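Residue numbers (the working numbering): 26 to 131.
A hint or two may mislead.
What the hints assert, rightly or not - With beta-carbon atoms standing in for the labels, derived distance ranges:
hint : residue 1 : residue 2 : range
1    : LYS80     : ILE122    : 41 to 51 Å
2    : ALA114    : LYS80     : 34 to 44 Å
3    : GLU48     : LYS115    : 42 to 52 Å
4    : ARG40     : GLN86     : 14 to 24 Å
5    : GLU120    : ASN77     : 32 to 42 Å
For the record, the hints were derived by calculation from the structure and aren't laboratory data. In this text, all values refer to a predicted model and were calculated from it rather than measured experimentally. Glycine included, C-beta positions come from ideal geometry on N, C-alpha and C.
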Amino acid sequence: MGFFSSSETKEAPNRSKREQCWESRDIYFACLDKIQVSNPFQPDNVTKINKNCSKEDQKFQKDCVASWVKYFKEKRPFDLKKERMLREAKEQNAEVIPLPGVRPST
Numbered sequence: 026m027g028f029f030s031s032s033e034t035k036e037a038p039n040r041s042k043r044e045q046c047w048e049s050r051d052i053y054f055a056c057l058d059k060i061q062v063s064n065p066f067q068p069d070n071v072t073k074i075n076k077n078c079s080k081e082d083q084k085f086q087k088d089c090v091a092s093w094v095k096y097f098k099e100k101r102p103f104d105l106k107k108e109r110m111l112r113e114a115k116e117q118n119a120e121v122i123p124l125p126g127v128r129p130s131t
């Protein structure tokens, strides 16, 4: 008896499937940008997303593993906030101090 009750094991997505997932994610996020939605999980955004980005969301969910969809959607607000803070710091000529163990963003 193992940890998994199902005898079916799912394969990890290969490179082309990952690239398709990322492309679908980028298209969906571009749609969210167009309607000015940063957090797709916020309840007051659901109607707006369903009205304007439902096709993109369906393709994103079809092309990506469910756990990736959840991860990318949860990560989006933090990524946008990070980008905004870095942009504001750059505009103010703030000094960027590299932290050990943290890769600089490009």
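Going through the hints against the structure:
| no. | hint | verdict |
| --- | --- | --- |
| 1 | LYS80 / ILE122: 41 to 51 Å | holds (43 Å) |
| 2 | ALA114 / LYS80: 34 to 44 Å | holds (36 Å) |
| 3 | GLU48 / LYS115: 42 to 52 Å | violated (28 Å) |
| 4 | ARG40 / GLN86: 14 to 24 Å | holds (20 Å) |
| 5 | GLU120 / ASN77: 32 to 42 Å | holds (40 Å) |
This entry does not satisfy hint 3, going by the numbered hints stated previously; all others are met.
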